[in-house]
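Protein chains: 4
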Amino acid sequence: MTRFPRIPAPLSKRASRIRILLMDVDGTMTDGSVTLLSQSDGTALEIKTFDAHDGQGLTLAHSAGLRTGCITGRESPALLRRAHEMKMEFIYMKQPLKMPAYEDILRKAEASDHEVAFIGDDLPDIPLLRRAGLAVAVGNAVPEVKAVAHYTTRALAGHGAVREAVELILRSKGIWEEMIDKARA
Amino acid sequence: MTRFPRIPAPLSKRASRIRILLMDVDGTMTDGSVTLLSQSDGTALEIKTFDAHDGQGLTLAHSAGLRTGCITGRESPALLRRAHEMKMEFIYMKQPLKMPAYEDILRKAEASDHEVAFIGDDLPDIPLLRRAGLAVAVGNAVPEVKAVAHYTTRALAGHGAVREAVELILRSKGIWEEMIDKARA
Amino acid sequence: MTRFPRIPAPLSKRASRIRILLMDVDGTMTDGSVTLLSQSDGTALEIKTFDAHDGQGLTLAHSAGLRTGCITGRESPALLRRAHEMKMEFIYMKQPLKMPAYEDILRKAEASDHEVAFIGDDLPDIPLLRRAGLAVAVGNAVPEVKAVAHYTTRALAGHGAVREAVELILRSKGIWEEMIDKARA
Amino acid sequence: MTRFPRIPAPLSKRASRIRILLMDVDGTMTDGSVTLLSQSDGTALEIKTFDAHDGQGLTLAHSAGLRTGCITGRESPALLRRAHEMKMEFIYMKQPLKMPAYEDILRKAEASDHEVAFIGDDLPDIPLLRRAGLAVAVGNAVPEVKAVAHYTTRALAGHGAVREAVELILRSKGIWEEMIDKARA
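Protein chains in written order, with the numbering used here: chain A, 3 to 187; chain B, 3 to 187; chain C, 3 to 187; chain D, 3 to 187.
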C-alpha cells in the first residue's frame, strides 16, 4: 500500500537513534529557487517557496518528539514565518559557515553527533553531513553531497525530500504507522 | 476525441449522486507550494498559485448546479479571492481539524455523505475521504490518501486535478457533453 | 540544424495568409497558473508569469509586420505591462465572451477571418478558433480545443507555444530565415 | 563519483583560457519566466527567480579568480540584488543590443575574445557567442543558439546551467577539485 523502500539494517540503526533533525534551507526545504521581487525604491524582497507535504512531515516529526531546526547562509522573514509555522526550535540564519551553528545546537540540546540528522544539497553542507549520525542528501543534491550521504531521497528538494527523511526516521524507530494513525484521527 | 478513461459502473454510480463538491486547498487546488513574500517589516505575505483549467472546471460544475466549497488549515486573502472568483459557496479557513467544517456544510446544505465528493492529498484529509460518497485523491497525493480514495486523478494537483474530478462527476451524470456545448457556445 | 517539423501544404497555405495574430492569455501566454499575493488589507494582487522565448517570438512577429493582440476574461496590470513590452496593438481584458472583442479587432484592422490566427487552450476559446483562418491549440490545451485546431504546438503554454505559432507563420510565409538573420545581426 | 562528462581536448583548451565569464539573464540565469506583480496603482513590479546551485557555482568561479558579469535587455532591482550577492563585477542592464556592453567589458578588463566565455539562450545572444572564446548554450536554448555554441549544457537554464559552465571551465583549468575542497572546508 505504501511505496517506501525497504530500509537496510545499518541505515535503520543510524536513523533509529536520531533525536534532532536539522536541515539546510535553499535547495533542501525549497527547490533551490532564489526569487526576488523588485521594489520601486530599487531594493528587492525575497520570496521563498516551501512544500505542504514537507510541512506535514515536520508536523509528524514534532508529534513524535523530534526536535527540528534549520541552518542557512541567507536570511528572510519568509523563512522565519515558515519555520515558526513548522514549530522549528533551532533557526540559524546568515551562517555562511554552518559548523558553529551546528555545534551551538548540539550544545543547547545536549546531544551528540550520532543523535543528529542533517539534510543538505550543496557544498557548504558537506562538513555537517560528515559529522551527523544520519546524513541525508536530497534527490537533486550535487554529486559531491550525495557521495558523503548515508541516504539520498527519491523525492526532490521542495517536493517532499524533507518528508521522506522524516518517514525514514520514524519507520526506523518503528513508530511511523502509529504517527500516521494519530495524524488522520 | 476526448481522452477521459472509461468510468467503471460502481464509480459512476457514486459520482452520479454528487450534489456538493468539497476540496482541500494546499496540494489539491494548488501544487502544494507554500510561498511566502518577505516584507521589510519582518513579516511575510502568502502567495497562492491556482490553475486556470481547474477554474474553468469549477465554472462548469457551478453551471451544472453543483455546490462547491473548500476546507483548509491555512488562511489567506489569496484563497479568499480565488474562491470568490470560482463562486464557491462554502469557504472554511483555519481548520486544523476538518471534520467540524465538513459536518457544518452538510447541515447547511441538508445533504448526506453520499451526496458529497471530497478531493484531498494528505493525512488530514483522510477522515473526510472516509465519509464522503466520492473520495478523490489527486495524482500526487501521499500513498495513505490514495489507499482510501475511490478515484485517483491522472492530473496532478494544481494542474487539472480538480477539473478531472468535475469531469468525472458530470460524465457520470451524463451531462458533460451538454455542459461543454454550453461553455463553448 | 533546426528542429521545426515539415509543414503540410494545406497548413502552410492557411498560415501564409495571416496578418493578425491574436491569443488568449491564461494557459496560452502563461502556463495556466493563476497566482495571487495576499495583502495585509485582505485583498490580493495578481501575479502573471510569461515566457522570454515567447516574447522574442512576438518581437520577430512584429518585425515581420504582423499585428498582434490578446483577448482574456481576466484583467491585470501585469498583463498590461507585458502586452506593452511586446508592442501588442490589441489588448482586450475582462471579456468573459471573447467574440465581441474578436469582431471589434477585425473591424478595426479591416481584416477577414482567413487573415487571423488565434491561439487558445480552453473551452471559451473554441468559438474564435472555429472562425480564425489559423486555429492553434497550445500543447497542453484541453482535448476539446485540440479537436478544433488546425495545429497543436509541441511546446507547452508559457514555455514557447506562442513562439512556435510565430515560427509556423513566418516559415509558411517563407521569411523565417530572413527574420532570424535580422534578429541576430 | 562525479557525473561530469569527459571534456574533449579542443573544448578543454578553449575553456582553460577563460578569465572572464559573462552571461545573459532571462532564460540563462533564470528559466526564462518573465513574472510581473500587479500593483493597485496599475503598474507592475518584476519578479526574478535565480538558482541556488548556480549561485554556489558563481561563488566558486569568484574564488578561482574568474571575473563575472551579465548583459541583459531588461532592468530590475531583483537582478541587481542577485548580481551583487554573486559579487558580479560587470552588470549591464537595458541593453537591447548586447555588443557595445560586451566590448566595453573587454576594454575595461583588458581582455581579448579568447579569454571570455559567454552563456546565452536566444537570438540576441548570437553575435556575442560568435565572438567569445567559449560559447555556451543552455540546455533549453533555441536551436539557432545551440548551432553556434562550443558547448551546450545538460542542465536547463535556471536549474544549474551556469554552474555547469563554471565546472567546465574550472575542470579545464585543472582546479575543480581544489576549489571544491576549499568550498567544503
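Heads up, some of the hints might be wrong.
Since the list can't tell identical chains apart, any single copy or any two copies may satisfy a pair.
What the hints assert, rightly or not - 35 Å max Cα-Cα, derived DSBU-like pairs, lysine-lysine:
{"#": "1", "residue 1": "K15", "residue 2": "K89"}
{"#": "2", "residue 1": "K110", "residue 2": "K175"}
{"#": "3", "residue 1": "K15", "residue 2": "K184"}
{"#": "4", "residue 1": "K184", "residue 2": "K110"}
By construction, these hints were calculated from the structure, which means they are not laboratory data.
Of the hints stated earlier, which fail here? Violated hints: none; all satisfied.
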